[in-house]
Amino acid sequence: MKLIFALFTGLVFGVGIAISGMMNPAKVFNFFDIAGTWDPSLAFVMGGAVILTLIGYRLVWRRNAPLFESRFQIPISSAIDARLVAGSAIFGIGWGIAGFCPGAAIPALGTGRWEVVLFLAAVTAGFYARRLVASSQPTTKAA
Amino acid sequence: METMFTPFASFGGGLLIGLGAVLLMLGLGRILGATGIMSSLVFADSRDEFSWRAAMVVGMILAPGLIFLVTGAMPELSVPVSPWMIVIGGVIVGFGASLGSGCTSGHGVCGLSRLSVRSIVAVPTFMFTAAITVYLIRHVFGA
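Going down the list, the sequences are from chains A and B. Residue numbering for the first sequence follows our numbering, starting at 471 and increasing by one per position. Residue numbering for the second sequence follows our numbering, starting at 26 and increasing by one per position.
These are calculated hints, taken from the structure and not from any lab test. One or more of the hints may lead you astray.
[As the list claims (entries may be wrong)] Below, computed lysine to aspartate or glutamate pairings styled on EDC-like, alpha-carbon distance capped at 16 Å:
1. A/472 - B/73
2. A/472 - B/74
3. A/472 - A/539
Based on the provided sequences and hints, a complete structural model is requested.
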């Protein structure tokens with residue numbers, strides 16, 4: 471039951487990603503290209519997602535526990551460290567080069583496009599590279 | 026390359042992305058972060074943690090097919106960059122998102138909705154570096 475629920479959750483998320491335009495690199499580049507062919511659509515994606523999650527989380531947290539687990543597992547760290555800032559800055563550079571981010575590329579696998587496979591293979595290589603350079607001791611789990 | 030301004034589809038897609046995040050919190054009490062999900066699958070940290078993430082990824086990958094069944098067309102996906110840019114960008118995305126403990130979904134949607142201080146630092150950081158990167162590539166180097 472838990473796994474069916476997780477699958478359904480992924481499906482809802484993936485349909486949202488597909489409809490929103492997030493899995494289209496041309497649209498991602500144009501969102502950032504204010505000086506050129508600007509397309510502000512993706513601001514509406516973030517707006518819709520954050521509004522719903524902001525309210526939805528608070529409703530869910532009225533419960534004592536989630537449906538299929540004994541407790542909520544939420545990152546508690548509030549440390550603003552060099553890893554966070556450098557990692558985020560580096561992530562943005564890669565996003566600006568390739569036009570895909572992980573959350574958009576995973577559902578995009580379902581389109582069967584080779585570019586998506588190539589991107590996710592490269593992301594995996596990036597994960598390994600990070601483990602080599604800055605091994606273990608993460609301050610928090612990946613959000 | 027111009028893309029069409031799609032405020033309604035993007036907002037609607039954003040709501041579904043948010044709904045996915047809220048459902049995961051309701052069912053499993055977890056943050057929906059694509060980087061965390063993907064790196065757990067890559068490194069197969071623990072069996073119990075592996076299975077629900079794998080189920081979610083299957084759901085995500087089914088999304089474009091569902092859209093095809095309903096609308097008769099795959100979601101739009103055009104990649105205006107070379108395979109090398111996808112590879113280089115992908116490695117940088119994987120490295121950065123892993124180091125910074127999150128990407129657009131984990132920090133962007135879930136972190137901002139939790140009003141996490143780390144995410145409030147991370148999101149403007151990667152938005153800024155992505156915008157600078159796109160500007161440099163398109164308007165300075167003229168690719």
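A quick look at each hint next to the structure:
Straight-line distance between C-alpha atoms of residue 472 of chain A and residue 73 of chain B comes to about 11 Å, which keeps the hinted pair within the 16 Å bound. Our distance criterion of 16 Å between C-alpha atoms is met by residue 472 of chain A and residue 74 of chain B, whose separation comes to about 12 Å. For the hint pairing residue 472 of chain A with residue 539 of chain A, the CA-to-CA distance comes to about 9 Å; that is within 16 Å, so the pair holds.
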